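S.K.: Please build the complete structure, drawing on both the sequences and the hints.
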Amino acid sequence: MIDKNIKSAYKSINAPKELREKIVALDNGTKKQTNNKIYLQIATLAACFVLVIAVFAFMPLNRNTKILIDGQTISGTPIILNGANTAQLVNVRTQQTVTVPISIDVKNTTDISASSGTLVITDIKTGNIIMTDTKYTTDEKVSILWQNDMPDNDSVYNMTVKTKKECFTITLKYQKSTDTRTVTCTKTN
Amino acid sequence: VSIFSHNKTDVAAVYDKYANLLYRIALTHVLNEEDAQDIIQDVFAKYITASPVFNDDEYERAWFIRVTVNRCRDILRRNKLRNHLPIDDYTHTLEDTSNDMSSMRVEIISALNNLPEKYKAVIVLHHFEDLTVEQTAKALGLSVSAVKMRLSRGRDLLKTILEKEAIQ
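Top line first, the protein sequences correspond to chains A and B.
Every number in our numbering is 471 more than the matching position in the first sequence, counting from 1.
Every number in our numbering is 96 more than the matching position in the second sequence, counting from 1.
You may find that some hints are simply not true.
Pairs of lysine to any residue, SDA-like flavour, derived with a Cα cap of 25 Å [as the list claims (entries may be wrong)]: (1) B:Lys113 x A:Glu489; (2) A:Lys636 x A:Thr608; (3) A:Lys508 x B:Ala141; (4) A:Lys475 x B:Asp226; (5) A:Lys475 x B:Val202.
Note that these hints are calculated values from the structure, not bench results.
Just so you know, these numbers come straight off a predicted model, no measurement behind them.
M.R.: And the structure:
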């Protein structure tokens, strides 16, 4: 039924030559498109890389722990708790205390401890007292009332704020002769 | 497309290997050179974009044949309401070396055209493209017994068609 002649006639049907050129052109077009996609991907990756580097470059600045008293950054220069701060002088069970309102803005886990007195930790958003203790660990911004008994003579109290990379010592000095209280903050490492 | 995708096979080489086979299959199905060329382009476009990986040449050939036959079916469905190009029109476009050969081709294509599609594919692959029954089954995604049955019925039909054409 299907002899050699029929089969050879059938097999003599060939794809037109111009079709080959079209397919090769199609392949080249796809390759070109693929190359464009690759360049686009590389450019996107490079942009992401630059962005990541930029973020990391600026992150340490943001990570600095900020210690403030009444919104004022404290440093090595003493801050005198003046008249406005006399409001911090309160009577608790007939015992006068000196209270230092400190706001600590941290980015990492931070240990806060006082050599004397107590730390009244307040939720900065709600104003509710979280706890009262001599030490506290936090990883977010907190408001602290550092309460000390009013000393009878010149006294020095220390409070330590320690992160993984930084350590600050907040010093409260009381000078009886002038009845002044000063706060300083020094970075110890 | 991944940056790390493997290098593509030389499409020109693959084309040279399968183009004539696929073109014949397409032409016997759609009976129209333009449609057949479109089908081959679609098949190779799919090959280029999908970059399939084959275990061996037989799988590769089976993939090409199956994609071509499926594409032919799509085209036939699309053209369902459109009449096929008359066989005479096909003869006008043939680039030929001999008139006898040309008329014989037309006879074959005409005879195959009168076969139902499901018999046409198995007859073309097995009897004209010399694929074994197993290879035909793999290429068309059919069972071996289904291919054997279609071959038997297709042959009977083709014989009847060729006898009628001989009488005419």
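S.K.: Confirm or reject each hint.
M.R.: Checked hints:
Annotation: proposed proximity of Lys113 (chain B) to Glu489 (chain A) holds, straight-line Cα distance about 16 Å (limit 25 Å). For the hint pairing Lys636 (chain A) with Thr608 (chain A), the CA-to-CA distance comes to about 15 Å; that is within 25 Å, so the pair holds. The suggested pairing of Lys508 (chain A) with Ala141 (chain B) holds, with an alpha-carbon distance near 18 Å, which does not exceed 25 Å. Pair hint Lys475 (chain A) plus Asp226 (chain B) holds up; C-alpha atoms about 12 Å apart against a cutoff of 25 Å.
Only pairs whose Cα atoms come within 25 Å are accepted, and Lys475 (chain A) paired with Val202 (chain B) is accepted, the gap being roughly 16 Å.
When the structure is compared with the earlier hints, no violation turns up for any of them.
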